[in-house]
Amino acid sequence: MKLRKWLAMLVPIALVASACSSTPSSGTATKLTIAAVQGVEDAGLKALAPMYKQQKGVEIEIVEAPYDDLYSKLVNAFKANDSTYDLIMMDDPWMPKFGTDGSLSDLGALGITQDPDIAQVVWDVGTWPPPRGPVPPTETSKAKQLLGVTIVGNVEMFMYRNDLTPTGPTSYDDVLANAKAQNKQGSVAGYIIRGKATNPVVADFLPILWSQGGDVFDENWNVVLDNDASKAAIGFLVNDLKPVAQTDPGSTDASDRDKIMANGQGYQSSVWPGEINTAVLDPAVTKVAGKVTFIPIPKGKSGKGVGMMGNWLLGVPKASKNQQAAAEFIKWMLQKDTQMTYAQNQGIPSRTSVLKDASLTAANPYFPVLADALQAPPNWRPRTDQWNAVETIIGTHLNNALTGGETADQAATGAAAEIRTLMKGAGYPTQ
Amino acid sequence: MTHRSRGFTRVATSVLLAVIAFIFAFPLFYLISTSLKTKADLFAPVPSLFPPAPTIDPYISVLFTRGFGGLLVNSVVVGLSATVLSICVAFAICYPITRLPASPRLRAFVLSWALSLRFLPPVAVVIPYFAIVRTIGLYNQLPALILVYTIFNLPLAIWMLRGFLDEIPLEIEEAALVDGASRWYAFRTILLPLSRTGILAVVIIVFAFDWAEFLFAFILTATPQAMTFPVGVQGLVTQFEIIWNDMAAGAVIAIVIPLSLMIIARRHVMTGLTFGVIREK
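Residue numbers (my numbering), protein chains in the order written: chain H, 1 to 431; chain Y, 1001 to 1281.
Accuracy of the hints is not assured; some may be wrong.
If you anchor each label on the Cβ, the simulated ranges turn out as follows [to be verified]:
{"id": "1", "chain 1": "H", "residue 1": "D248", "chain 2": "Y", "residue 2": "L1259", "range": "32 to 42 Å"}
{"id": "2", "chain 1": "H", "residue 1": "T407", "chain 2": "Y", "residue 2": "F1050", "range": "41 to 51 Å"}
{"id": "3", "chain 1": "H", "residue 1": "D68", "chain 2": "Y", "residue 2": "P1054", "range": "30 to 40 Å"}
Derived by calculation from the structure, the hints in this document are not laboratory data. Heads up, the beta-carbon is just placed ideally off N, CA and C, and yes, glycines get one too.
Turn these sequences into a full structure, and let the hints steer you where they fit.
What follows is the structure in structure tokens.
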């Protein structure tokens, strides 16, 4: 074909197709667009979408993005004051950023009220400024608003092989003792550390830190990651657990941990509800069906076992043109019958009565444990918009310690010093 | 050199080339192999080279279940539109500096300016582009990507086209002008057909760059209405799971189009890549 004919054909086709493909969403209440995290966390949401269309006549468009990308996309959309998203899924550590920036609407004003069948911590984690723990200096004068409602009740738990030991660990002393007893070089790891740098290793370590009596900040934003209890917790991870863990824990992420556990090559580890169904309980891949028990985080030297929240919340961006319709969807999602359907379709509900419903336990053996973990209550990550940077600092040093680049004490003091500098620079009264 | 040593050299060269070919081909082989595996195969303690029970489920998942077919269409639309625009603009710039009596200073300035655009790393301009796109209301729309890709690949198109146009003797066009042809007529009936090889090379190379672009597509889009295929494939790395087989299937699909074009027109592409490289008129 002659070049000019080829071009003459191509240009109009491309431009027409471009115009068609780029038609913006109508923005009417007949359709709601939800920005969601890609993965098992939004599986239940995807199952509910056609039901909502059938029952309420409103189409639900779910736009998925992976974890890190979703955060970037939301920040971009909020900066652009873009009305593309009517609802957003957000991990709870993102709340300080979006709360401080004023990107989300007050759900209380849109008619969403607290329900006693849902643990108080679920409402608290969606409230900004935070109702407990230290509050960022810039936020102390703001009125508390409900900016997000949990749709994935995610609290870090613990799992162990019940075919190797009849009872599970109740304390971190038990964890270590069992790990030493069960560790068989090259075949079974006594403990699986999720030690990949930044977010993964921090998510794995914080329950240990809190349970052992350590912390990152005190109530006045002073850094306490280098006090005796915190140093001991880091030492426990690096000096005690690492020798009985899998090879190369510094490069292990959640998917690697699940593969090790599902293949029967690990004895115990912490675990998020969101990752259980992807491997350990997936009949297509697991070799340990019925051999894994889920329990709350074991107790540490503090006398408590403190789980960490990783709840996924739904919020309504201020720029959405369908504020009330978006709030109605949240209300519908929180209804008990909707939550039952949600749970039957891989969703992780937050209603206590649904989590404890006996008809769901066979397929989701961790639900009752999760219900108790939410009532405990678990800790959330420090509520500061600097958390991403803080997490990167801690995660880099912990990973360094796990890979032999520094000692546990060096990791504690190095991270603490960097966090102090960061927080002071951000205007916090950190010492 | 003796017959024996010539034979040894030939064998050594063949072995070396075979090793290099293996190094280049193995990742592609493993990608295709992974794209035909099931989730259970991926969980095997020891990974297998060949899929134990090959399946096309990952391809079905990527194209239909996950709806990446729409993203593929977006990639094609953006790639073709931006390529056509790049070539039109590049022609508009190259024609005067190669066919008209432009001063060497002007010619050098235009070419240096074009090159300077290419020196900017994309990450340095992505935020300003984001602000501009947002201001003009093109956020999350395909025309934004078409414009940005056009701007970014324009220098490549200009430099390649200029190399080709320089090779076409001015005298042919001048003869037509002397015979009474207009500039447009001479351009359309003489220059354009003669530069067909060059245009084809530029089309394929610019399209390949547009096709593989990720950063701008990621930042400037929000929904599948405007997202391109690479953004979708990257999304298969989730917080708790990396869906390797679907990702590999996506990568194979992404490779097929530019690779096919490259194979079909490899002679022209090689010409395009080497034209004007060692000569300066």
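These are the hints, each one checked on the structure:
1. H:D248 - Y:L1259: 32 to 42 Å: Since H:D248 and Y:L1259 have Cβ atoms about 35 Å apart, the given range 32 to 42 Å holds.
2. H:T407 - Y:F1050: 41 to 51 Å: 45 Å, holds
3. H:D68 - Y:P1054: 30 to 40 Å: 32 Å, holds
Comparing the model with each numbered hint stated earlier shows that all of them hold.
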